[in-house]
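Residues per chain, in single letters:
There are 2 protein chains.
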Amino acid sequence: MPEIIGVDLGGTKILARLVDPVTGKSEGRVKKPTPKSGPSDVLDKIVTVVDDLDPDRRAESVGIGVPGLVTESGVVTLCPNINGWDTPVDVAGILSERLGRTVAVGNDVNVGALAEHRVGAGQGFKDMATVFVGTGVGGGLVLNNRLVAGERGMAGEIGHLTTHPGGRQCGCGQFGHMEAYAGRAGLEAEARRRHAAGDKNELVRLAGDGRIKSSFIAKAIEAEDKVTLELIEEAVQALASAIGSMATLLDLPLVVLGGGVVDRLGQDFLDRISASEYFGGFGNHVCELRLAKRLDDAGVVGAAILAADS
Amino acid sequence: MPEIIGVDLGGTKILARLVDPVTGKSEGRVKKPTPKSGPSDVLDKIVTVVDDLDPDRRAESVGIGVPGLVTESGVVTLCPNINGWDTPVDVAGILSERLGRTVAVGNDVNVGALAEHRVGAGQGFKDMATVFVGTGVGGGLVLNNRLVAGERGMAGEIGHLTTHPGGRQCGCGQFGHMEAYAGRAGLEAEARRRHAAGDKNELVRLAGDGRIKSSFIAKAIEAEDKVTLELIEEAVQALASAIGSMATLLDLPLVVLGGGVVDRLGQDFLDRISASEYFGGFGNHVCELRLAKRLDDAGVVGAAILAADS
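Listed in order, the protein sequences are those of chains A and B.
Using numbering that gives the first Met the number 0, read the first sequence as starting at 0 and increasing by one per residue.
Using numbering that gives the first Met the number 0, read the second sequence as starting at 0 and increasing by one per residue.
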């Protein structure tokens, strides 16, 4: 098989595998903790991980998924989850020289979209998008079978579409963004605000001082907690509005949804989104919503596909 | 120069010119009325026009802009402004055989976007979009220097993004779409509704029973007519919200605006859009709004560029 090395650079670990980008099958596995001592040590560690995985140099290309903003040429301009990443680093340039292999670098959510497109729920679709609903809401766009990252690497940031003008403040500082309503963190902040204001609710009761996890959201829905049902309805509206806008603008036949919140709430949650009057748009009745396949090692597989496409 | 035939198929006329797709310069000009007797006669007429323009067969490729929905393979599925176009017609397939030349077919607004991208206000930008505010609001997307039309040819339909959930009815039948607020027809309908309800306004006074033209809108703004100022503020909000969503989703550095309403209201209108809190988004401060260049024969030039890109 034509092998490519996929690397998933995370905030806590670096994982690398040898991947067949056509089937998505992987072999080998090297995993190391992500250094906390800055990008230079992180790059050193990636070199070690790649050499350990493939000492015989079977693979000529390396794809790397990074939890940050990546320009089209592979410069990581922002990487808040990795310690000391204060200035842009030309990861593709530096690593291709040090590894003596071709290196492609992409945002982790974007390469996840490529994995869903090629070997997941989006197989066979030329155009599609993914939306991952977790702490925040991220997304990736695949048009004409290629990832659309944008020049600054910021394409697909569907969480920052304004769905409630003048509404709740988003983590990014602006107001009324979809993520402030549909992301777990935005939902948690609002649940705690209402709880403190006297609108007691199951979410805060279940979580106590801890994080309001997706499983607590599912439990509170089951218990028909009033505040939870209201917040979920707002999340549905926000997702419907933003996904509807995206589907209209890009004429998408498919949007694949995943992430902790979606995994918990399942198909019923998707059905509510597509049935919402906020889904609106023009011809959106043909835009299907599907659950992501939750592929094993989607990060490394997607990164390898990115390298294969480059 | 490498010449390509650009054809602009309109509801009333068919215009063809020989175009250099790199400079946008044109020569020759054949113009005929669009037959009212159905697509078959329209195609016959296009053949005549092309042969009249280029009897010596200097050009091997023909690009055609059509006021309707065009699939990626050049099938025109919907063309409401041309009489008798009741079923999908494989314009590219039929005409390439009859003309013995390569034929590319695109939506007229989309090929207009290509013209602005290559020889208009968007020169030098790899990614950009156009928004044309006329009777309705249409748009075109250029990503990575290529037109994004969508499989069904419906990409770029920014007028049908939901900016006012549950709001005014759009021409397409759904509710709260941007076009219902920013398009001339939506604005006219609302001005007449308010006038009839007792909220007398300059727009209806100036237009009488005729169409509320863009020039009347400009006059009513100058007269500081209360209803007009309210309607324009709503149009600004609707455009800001939809363009902001698009710019965020696609990481766009530039959006070019044109069409009757924009031509009349000018740069001040654009400044209000980009200053609006509804522009929102994530990093949209770097998305520039520019007036379209209002190129001569943008339709034929864009159609030729489409053919050159194919």
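Honestly, the hints are just simulated from the structure, not real lab data.
Warning: the hint list may mix true and false statements.
[Claimed, not checked] Residues from chain B shown here face chain A by an in silico Cβ test under 7 Å; the list is partial: (1) 161; (2) 163; (3) 198; (4) 220; (5) 244; (6) 248; (7) 249; (8) 264; (9) 265; (10) 266.
Positions of the beta carbon are idealized from the N, C-alpha and C atoms, including for glycine.
We went through each hint and held it up to the structure:
Checking residue 161(B) against chain A: minimum C-beta separation of about 4 Å stays under 7 Å; hint holds. For the restraint placing residue 163(B) at the interface with chain A, the shortest Cβ-Cβ distance is roughly 9 Å, beyond the 7 Å limit, so the hint is violated. With a least beta-carbon distance of about 24 Å to chain A, the hint placing residue 198(B) at the interface is violated under the 7 Å criterion. Using the Cβ-Cβ criterion of 7 Å, the hint placing residue 220(B) at the interface with chain A is not satisfied: the shortest such distance is roughly 23 Å.
Given hint, residue 244(B) at the interface with chain A, holds; its Cβ is 5 Å from that chain's nearest Cβ, closer than 7 Å. For residue 248(B), the interface hint holds, the least distance from its beta-carbon to any beta-carbon of chain A being 6 Å, beneath 7 Å. Interface restraint check: residue 249(B) against chain A, minimum CB-CB distance 5 Å, threshold 7 Å, status holds. A distance limit of 7 Å between C-beta atoms decides the matter here; for residue 264(B) the minimum to chain A is near 22 Å, and the interface restraint is violated.
Given the 7 Å rule on beta carbons, the hint for residue 265(B) is violated: about 25 Å separates it from the nearest Cβ of chain A. Taking 7 Å as the C-beta contact cut-off toward chain A, the hint placing residue 266(B) at the interface is violated, the least distance being around 24 Å.
Checked against the numbered hints given earlier, this structure breaks hints 2, 3, 4, 8, 9, 10; the rest are met.
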